[in-house]
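Asks: Here's the letter readout for the chains.
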Amino acid sequence: MLAKRIIPCLDVKEGKVVKGVHFENIKNVGDPVELARRYEEEGADELVFLDIAASYEQREVTVQMVEKIATVLTIPFTVGGGIGSTEQVANLLRAGADKVSINTQAVLKPELISELAEMFGSQCVVVAIDVKRTWDRINRRSYWEVFINGGRTPTGKDVLSWAQQVEKLGAGEILLTSMDADGTQAGYDISLIRKVAERVRLPIIASGGAGKLEHLLAVLREGKADAALVASIFHYRYFSIGEVKDFLQKRGIPMRWEN
Amino acid sequence: MIAVVDYKIGNLYSISKALERLGEKVVVTDQPSVVSEAEAVVLPGVGSFGKAMENLEKNQMKEAIREAQSGGKAFLGICLGLQLLFEKSKEAPRTEGLSLLSGEVVKLPPTNKVPHIGWNQVYFKKDSPLSQDIPQGRFFYFAHSFYVLPEEPLIVVGICNYNVVIPAIINQDNIWGFQFYPEKSSTWGMKVLESWLRSWKK
Numbered sequence: 001m002l003a004k005r006i007i008p009c010l011d012v013k014e015g016k017v018v019k020g021v022h023f024e025n026i027k028n029v030g031d032p033v034e035l036a037r038r039y040e041e042e043g044a045d046e047l048v049f050l051d052i053a054a055s056y057e058q059r060e061v062t063v064q065m066v067e068k069i070a071t072v073l074t075i076p077f078t079v080g081g082g083i084g085s086t087e088q089v090a091n092l093l094r095a096g097a098d099k100v101s102i103n104t105q106a107v108l109k110p111e112l113i114s115e116l117a118e119m120f121g122s123q124c125v126v127v128a129i130d131v132k133r134t135w136d137r138i139n140r141r142s143y144w145e146v147f148i149n150g151g152r153t154p155t156g157k158d159v160l161s162w163a164q165q166v167e168k169l170g171a172g173e174i175l176l177t178s179m180d181a182d183g184t185q186a187g188y189d190i191s192l193i194r195k196v197a198e199r200v201r202l203p204i205i206a207s208g209g210a211g212k213l214e215h216l217l218a219v220l221r222e223g224k225a226d227a228a229l230v231a232s233i234f235h236y237r238y239f240s241i242g243e244v245k246d247f248l249q250k251r252g253i254p255m256r257w258e259n
Numbered sequence: 001m002i003a004v005v006d007y008k009i010g011n012l013y014s015i016s017k018a019l020e021r022l023g024e025k026v027v028v029t030d031q032p033s034v035v036s037e038a039e040a041v042v043l044p045g046v047g048s049f050g051k052a053m054e055n056l057e058k059n060q061m062k063e064a065i066r067e068a069q070s071g072g073k074a075f076l077g078i079c080l081g082l083q084l085l086f087e088k089s090k091e092a093p094r095t096e097g098l099s100l101l102s103g104e105v106v107k108l109p110p111t112n113k114v115p116h117i118g119w120n121q122v123y124f125k126k127d128s129p130l131s132q133d134i135p136q137g138r139f140f141y142f143a144h145s146f147y148v149l150p151e152e153p154l155i156v157v158g159i160c161n162y163n164v165v166i167p168a169i170i171n172q173d174n175i176w177g178f179q180f181y182p183e184k185s186s187t188w189g190m191k192v193l194e195s196w197l198r199s200w201k202k
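Which chain is which? The protein sequence lines are A and B, in order. Residue 1 is where the first sequence starts when you use my numbering, and the numbers rise one by one after that. Residue 1 is where the second sequence starts when you use my numbering, and the numbers rise one by one after that.
Among the hints, a few may not be true.
Stated by the list, open to error - Below are the DSS-like pairs computed for lysine-lysine, each with C-alpha atoms no more than 27 Å apart in a straight line:
| id | chain 1 | residue 1 | chain 2 | residue 2 |
| --- | --- | --- | --- | --- |
| 1 | A | K68 | B | K191 |
| 2 | A | K168 | B | K202 |
| 3 | B | K25 | A | K68 |
| 4 | B | K90 | A | K168 |
| 5 | B | K62 | A | K68 |
| 6 | B | K17 | A | K13 |
| 7 | B | K73 | B | K88 |
| 8 | A | K168 | B | K88 |
| 9 | B | K126 | B | K62 |
| 10 | A | K224 | A | K212 |
| 11 | B | K113 | A | K132 |
| 12 | B | K62 | A | K109 |
| 13 | B | K51 | A | K224 |
| 14 | B | K107 | B | K90 |
| 15 | B | K126 | A | K195 |
| 16 | A | K109 | B | K201 |
| 17 | A | K224 | B | K191 |
| 18 | B | K107 | A | K168 |
| 19 | B | K17 | A | K16 |
| 20 | B | K17 | A | K168 |
| 21 | B | K191 | B | K201 |
| 22 | B | K8 | B | K126 |
| 23 | B | K25 | B | K126 |
| 24 | B | K73 | B | K126 |
| 25 | B | K107 | B | K62 |
| 26 | B | K107 | A | K250 |
| 27 | A | K68 | B | K8 |
| 28 | A | K157 | B | K113 |
| 29 | B | K113 | A | K109 |
| 30 | B | K62 | A | K168 |
These are calculated hints, taken from the structure and not from any lab test.
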């Protein structure tokens with residue numbers, strides 16, 4: 001049976017992990033290689049590295065970081081942040097990344113999705129979608145609006161139609177973040193995740209809002225997500241990956257977990 | 001020396017590093033002469049069937065690979081690399097595969113989410129040098145939209161269930177193929193690679 005995935009997400013800047021990650025016995029807290037290895041040992045199914053300061057000058061640094069991570073890691077990992085061209089993707093994949101995640105550039109030039117899918121295969125194209133509940137004043141209804149540029153720019157796009165378009169263009173997975181829930185640790189936006197999961201036939205990685213074990217259970221069961229992206233609760237060591245997987249497995253969620 | 005065939009798309013780094021960690025000398029190459037000199041050949045797997053075959057033919061690699069196989073060299077195809085060993089694929093209907101194995105490559109049915117991405121369990125259908133160290137039902141990492149349908153069912157060593165039965169491990173003579181990525185399948189993935197190395201090294 002296909003397992004549901006638990007995916008720690010690490011924010012990086014200039015080749016260093018920047019969100020506080022509190023592992024014991026790790027000398028250099030910012031070292032992505034050491035953290036990656038630790039997460040793999042703990043049972044992470046996959047890792048996501050988000051370059052939060054992805055400027056042009058930093059691209060080489062990111063490629064070097066990817067190479068170092070790929071040398072030690074034997075689980076898949078995704079790299080995202082500021083990706084907008086096929087050359088850039090080719091460099092990251094050649095350096096050892098398994099997938100790339102594109103967001104703003106996918107909205108600005110949707111043909112990038114199909115170019116990447118054709119060149120490298122759908123399985124390595126993750127389209128990240130950031131959404132926020134918005135009131136549409138003209139049609140007098142609320143909808144989930146797609147935002148770009150790290151959540152700063154509204155696009156007027158409805159997440160459901162964008163998700164369908166992304167699927168048609170050849171994306172392999174959707175990484176769906178609720179900006180309303182993100183950082184609250186009050187739970188994922190289950191109805192958003194479920195609506196999108198029911199609309200497209202692509203694997204959905206749910207993101208934003210994990211704070212308790214029950215939140216993960218809810219998003220994988222009621223939310224119908226295929227994977228849960230988790231940041232704070234692992235970084236701050238509220239729970240270990242083992243505790244999460246144990247909890248979910250005991251409640252009937254298929255997990256890659258041998259204990 | 002193990003030759004990892006480079007067809008200019010995707011991630012070849014991970015499989016090379018994985019083999020190096022197991023103590024092997026690895027050369028990533030698009031040169032037929034390197035393939036001829038190698039003890040073993042690995043055809044890794046990212047990209048599309050048509051593009052991969054096109055690049056192999058451009059570099060005269062197709063012949064080199066066929067010769068390596070008929071000369072009895074240890075041969076491993078991973079994911080797309082496994083699919084390329086067959087005669088044809090629905091992904092590129094006009095392209096001829098390497099045709100080292102009989103059968104074709106078809107798309108996963110739309111009853112499931114496609115691509116099939118994530119960790120799924122592999123069950124051995126028969127004893128083999130690779131099944132010795134790996135219990136039934138271990139998880140391996142899959143990421144694919146197409147799967148192989150061999151004409152000869154007996155070459156299927158291991159399967160994975162995704163509402164359809166997906167051949168996950170194939171073996172015929174000196175040829176082995178994995179539909180999953182051993183280099184991305186953590187402990188059990190490294191184990192299966194190690195067993196493959198041991199199967200032809202002794």
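Asks: Now look at each hint and say whether the structure bears it out.
Replies: Status of each hint after checking the structure:
In summary, the hint linking K68 of chain A to K191 of chain B is supported, as the alpha carbons are separated by about 22 Å, within the 27 Å threshold. The suggested pairing of K168 of chain A with K202 of chain B is violated, with an alpha-carbon distance near 49 Å, which exceeds 27 Å. Between K25 of chain B and K68 of chain A the alpha-carbon distance is near 19 Å, which keeps this suggested pair within the 27 Å criterion. For the hint linking K90 of chain B to K168 of chain A, the alpha-carbon distance of about 18 Å falls within 27 Å, and the restraint holds.
A hinted pair counts as satisfied when its Cα atoms are at most 27 Å apart, and K62 of chain B with K68 of chain A does not qualify at roughly 32 Å. Taken as a hint, the K17 of chain B and K13 of chain A pair is honoured in the structure, with Cα atoms around 25 Å apart against an allowance of 27 Å. For the hint linking K73 of chain B to K88 of chain B, the alpha-carbon distance of about 23 Å falls within 27 Å, and the restraint holds. Restraint check for K168 of chain A and K88 of chain B: satisfied, since their Cα atoms lie roughly 25 Å apart, inside the 27 Å limit.
Between K126 of chain B and K62 of chain B, the direct Cα distance comes to roughly 31 Å. Violation of the 27 Å bound is thereby established for this hinted pair. With a C-alpha separation of about 18 Å, the suggested pair K224 of chain A and K212 of chain A falls inside the 27 Å cut-off, and the hint holds. At roughly 26 Å between alpha-carbon atoms, K113 of chain B and K132 of chain A fall within 27 Å of each other, so this suggested pair holds. The suggested pairing of K62 of chain B with K109 of chain A is violated, with an alpha-carbon distance near 36 Å, which exceeds 27 Å.
Under the criterion of a C-alpha separation no larger than 27 Å, the hint pairing K51 of chain B with K224 of chain A is inconsistent with the structure, at around 35 Å. Straight-line distance between C-alpha atoms of K107 of chain B and K90 of chain B comes to about 7 Å, which keeps the hinted pair within the 27 Å bound. Among the hinted pairs, K126 of chain B with K195 of chain A is inconsistent with the structure: their alpha-carbon atoms are about 43 Å apart, more than 27 Å. For the suggested pair K109 of chain A and K201 of chain B, the alpha carbons sit about 50 Å apart, so the restraint of at most 27 Å is broken.
For the proposed pair K224 of chain A and K191 of chain B, the alpha carbon gap of about 32 Å is over 27 Å, so the pair is violated. With a CA separation close to 16 Å, the supplied pair K107 of chain B and K168 of chain A stays within the 27 Å bound. Among the hinted pairs, K17 of chain B with K16 of chain A is consistent with the structure: their alpha-carbon atoms are about 22 Å apart, no more than 27 Å. A distance of roughly 35 Å separates the Cα atoms of K17 of chain B and K168 of chain A; the hinted pair therefore is violated under the 27 Å criterion.
Distance check on the hinted pair: K191 of chain B and K201 of chain B sit about 15 Å apart at the alpha-carbon level, within 27 Å; holds. A distance of roughly 35 Å separates the Cα atoms of K8 of chain B and K126 of chain B; the hinted pair therefore is violated under the 27 Å criterion. Of the supplied pair hints, the one linking K25 of chain B and K126 of chain B is violated, its CA atoms being roughly 31 Å apart against a limit of 27 Å. In summary, the hint linking K73 of chain B to K126 of chain B is supported, as the alpha carbons are separated by about 23 Å, within the 27 Å threshold.
For the hint linking K107 of chain B to K62 of chain B, the alpha-carbon distance of about 24 Å falls within 27 Å, and the restraint holds. Proposed proximity of K107 of chain B and K250 of chain A is contradicted: the alpha carbons are some 34 Å apart, above 27 Å. Between the alpha carbons of K68 of chain A and K8 of chain B the distance comes to roughly 21 Å, so the proposed pair stays at or under 27 Å and holds. Between K157 of chain A and K113 of chain B the CA atoms are separated by roughly 24 Å; this keeps the pair inside 27 Å, and the hint holds.
With a C-alpha separation of about 25 Å, the suggested pairing of K113 of chain B with K109 of chain A holds against the 27 Å cut-off. For the given pair, K62 of chain B sits about 33 Å from K168 of chain A by alpha-carbon distance, which is inconsistent with the 27 Å threshold.
The structure fails hints 2, 5, 9, 12, 13, 15, 16, 17, 20, 22, 23, 26, 30 (numbered hints given earlier, in ascending order).
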